[in-house]
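> Sequence:
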Amino acid sequence: MRIAHNITALNAWRNLNLVSSQLGKSVEKISSGYRINKAADDPAGLVISENLRAEIAGMDQAINNTQDGISMIQTAEGALTEIHSLLDSMRALALHAANTAAVTSEAIAADQQQMDSAIDSINRIATTTAYAGKKLLDGSVGKKVEIKNTNIVATASVGQANAPGISYVKVVVTTAATKANLGLSTGLHFTSAGQTVKDAGGLATGSTTTLNINGVSVTISGGMTASAVKSAINTALAASGVSIRAYFMSAGSISDFGNISESNSSGYLALVYTGGYGDDYLIDLYDSGGIIVDTGAGTFTHHARGTNIGGYFEYKRVDNSGTTYTHVNATGDGLTLEGNDDTALDGLQITLNSGYNAAATYTDVVRLYGDTTQFQIGADQGETYSFTIGNMTPSELGSDYTTNHDAGQRGLLALKTGGDYALASDPQSAIEVIDEAISDVSNERAKLGAIQAQVLESNYRNLGITRENLQASESRIRDV
1 MRIAHNITAL NAWRNLNLVS SQLGKSVEKI SSGYRINKAA DDPAGLVISE NLRAEIAGMD
61 QAINNTQDGI SMIQTAEGAL TEIHSLLDSM RALALHAANT AAVTSEAIAA DQQQMDSAID
121 SINRIATTTA YAGKKLLDGS VGKKVEIKNT NIVATASVGQ ANAPGISYVK VVVTTAATKA
181 NLGLSTGLHF TSAGQTVKDA GGLATGSTTT LNINGVSVTI SGGMTASAVK SAINTALAAS
241 GVSIRAYFMS AGSISDFGNI SESNSSGYLA LVYTGGYGDD YLIDLYDSGG IIVDTGAGTF
301 THHARGTNIG GYFEYKRVDN SGTTYTHVNA TGDGLTLEGN DDTALDGLQI TLNSGYNAAA
361 TYTDVVRLYG DTTQFQIGAD QGETYSFTIG NMTPSELGSD YTTNHDAGQR GLLALKTGGD
421 YALASDPQSA IEVIDEAISD VSNERAKLGA IQAQVLESNY RNLGITRENL QASESRIRDV
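Residue 151 in full-length UniProt numbering sits at position 151 of the sequence shown, with consecutive numbering throughout.
Any given hint might turn out to be false.
Pair ranges (Cβ atoms, derived) [claimed, not checked]: (1) Ala450 <-> Thr104: 42 to 52 Å; (2) Ser439 <-> Gly78: 14 to 24 Å; (3) Asn462 <-> Thr100: 50 to 60 Å; (4) Ala107 <-> Ser85: 14 to 24 Å; (5) Pro43 <-> Ile465: 25 to 35 Å; (6) Glu457 <-> Ala132: 17 to 27 Å; (7) Gln428 <-> Glu468: 52 to 62 Å; (8) Ala132 <-> Ala40: 23 to 33 Å; (9) Gln67 <-> Trp13: 26 to 36 Å; (10) Gln22 <-> Pro43: 12 to 22 Å; (11) Ser439 <-> Gln374: 24 to 34 Å; (12) Gln114 <-> Glu468: 48 to 58 Å; (13) Gly449 <-> Pro43: 29 to 39 Å.
Below, in silico cross-link-like pairs of lysine-lysine (BS3-like), each with a Cα-Cα straight-line distance of 25 Å or less [said to hold, decoys possible]: (14) Lys416 <-> Lys134; (15) Lys447 <-> Lys135; (16) Lys25 <-> Lys38.
By construction, these hints were calculated from the structure, which means they are not laboratory data. If you're wondering where the values come from, they're calculated on a predicted model, not measured in any experiment. Heads up, the beta-carbon is just placed ideally off N, CA and C, and yes, glycines get one too.
Please put together the full structure from these sequences, using the hints given.
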């Protein structure tokens, strides 16, 4: 036996402390339910489990975000359902008004009042439907334009985006005075130049213009309307299997400017008849195997004049990649260009300032975003989904049918009292516009339904499964 130290007692005390420490750890694990309560318990396991915890928390938020996306679509789709109902009732009114043999003018006037109210209701729904403070149906969802050069561009806006993406547009303005090189791979060639159309509602009074198309002479006389011009040329081209469409704005808005556009399965052609250099608005088009005017996607070239240009015409670019550009509109002291890239945006509109340098070249004038409605539907960076909702206002619904692009005459607005297609004026065209509007709404609902069912709801289910598996993995590492 040692006098100074009781070794047996020290051993017992050490083991007691060890057991007490282990008991404390065991009690901590039992009481918390976790095998790892601090880094010292399992450093490697702690790292893995914390990463899994972060993923699980991210999954929880991604699930909530996906539900938000579903709720937004359901809100928009519910409003579109009501617009559909209004369009159906409007179509019935137009059909009733078209039955002129048995309908009195008083009945048509009553139908027109209902038509006006229905259009106002569609406008109210489209401009007020919102989710989380964001308007859904007025065209503001899913489009954004950044003006890169404010000295050149006065305004810029885009239509609905077909697919997410960013597109850069190059605008080339030049004073080169060359006549339009027109022709398609089908052999259709327009050989005339220097023609003048002076009045949107009809041709210049007292004037006669002869067009030579594929060797066939077509005489355009003063007083002929755009529809008559179209019919005359279509008759001459019947054997070629092509179709001509002529667009003009209201009378008095066009000065020394006119056009006819032609399309077939091989491509799309627009011709512009002008009154000589200095008053020209020319555009050179190539066949369907090439491009319009210049090389490279997103390129526009226009030869501008110094005075007011008013009018509307269409063109489509078709090349090997399938990229298209449609709608060119010239208004005001500068130019307004509208284009379409089917991989990015459905309608680019650029209004150039009147003081731009016509001999200069401007690149990246605007930057276009086609995916501004973005949902974070995954737990990690970059796992997002974007979609757009089209403009469902009356001026846009059915606008592909209407050819008058004046304010108040686009789309369903042309069906209101005093419009081009009011029930007392042209109920048959009113039916066509409404059918086009119904198609617009149906396509939008189908698109949103596909996004909800095939993207968001599918993602929601997948996130739930993934979260469950991550939670099981984290539990195996960290739980007792």
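> Look at each hint and say if it fits the structure.
Okay, the hints, checked on the actual structure:
1. Ala450 <-> Thr104: 42 to 52 Å: At 46 Å between Cβs, range holds.
2. Ser439 <-> Gly78: 14 to 24 Å: Cβ of serine 439 to Cβ of glycine 78: about 20 Å, so the range 14 to 24 Å holds.
3. Asn462 <-> Thr100: 50 to 60 Å: holds (57 Å)
4. Ala107 <-> Ser85: 14 to 24 Å: Taking Cβ atoms as reference, alanine 107 and serine 85 lie about 22 Å apart, which means the hint holds.
5. Pro43 <-> Ile465: 25 to 35 Å: This hint holds: roughly 30 Å between Cβ atoms.
6. Glu457 <-> Ala132: 17 to 27 Å: Because 20 Å falls inside the window, the suggested range holds.
7. Gln428 <-> Glu468: 52 to 62 Å: Given range 52 to 62 Å: holds, Cβ gap about 59 Å.
8. Ala132 <-> Ala40: 23 to 33 Å: violated (45 Å)
9. Gln67 <-> Trp13: 26 to 36 Å: violated (60 Å)
10. Gln22 <-> Pro43: 12 to 22 Å: Once the Cβ atoms are compared, 19 Å apart, the range 12 to 22 Å for proline 43 and glutamine 22 holds.
11. Ser439 <-> Gln374: 24 to 34 Å: 28 Å Cβ-Cβ, so the 24 to 34 Å window holds.
12. Gln114 <-> Glu468: 48 to 58 Å: Taking Cβ atoms as reference, glutamine 114 and glutamate 468 lie about 54 Å apart, which means the hint holds.
13. Gly449 <-> Pro43: 29 to 39 Å: Taking Cβ atoms as reference, glycine 449 and proline 43 lie about 50 Å apart, which means the hint is violated.
14. Lys416 <-> Lys134: Not OK: lysine 416 and lysine 134 at ~28 Å, beyond 25 Å, violated.
15. Lys447 <-> Lys135: holds (18 Å)
16. Lys25 <-> Lys38: holds (11 Å)
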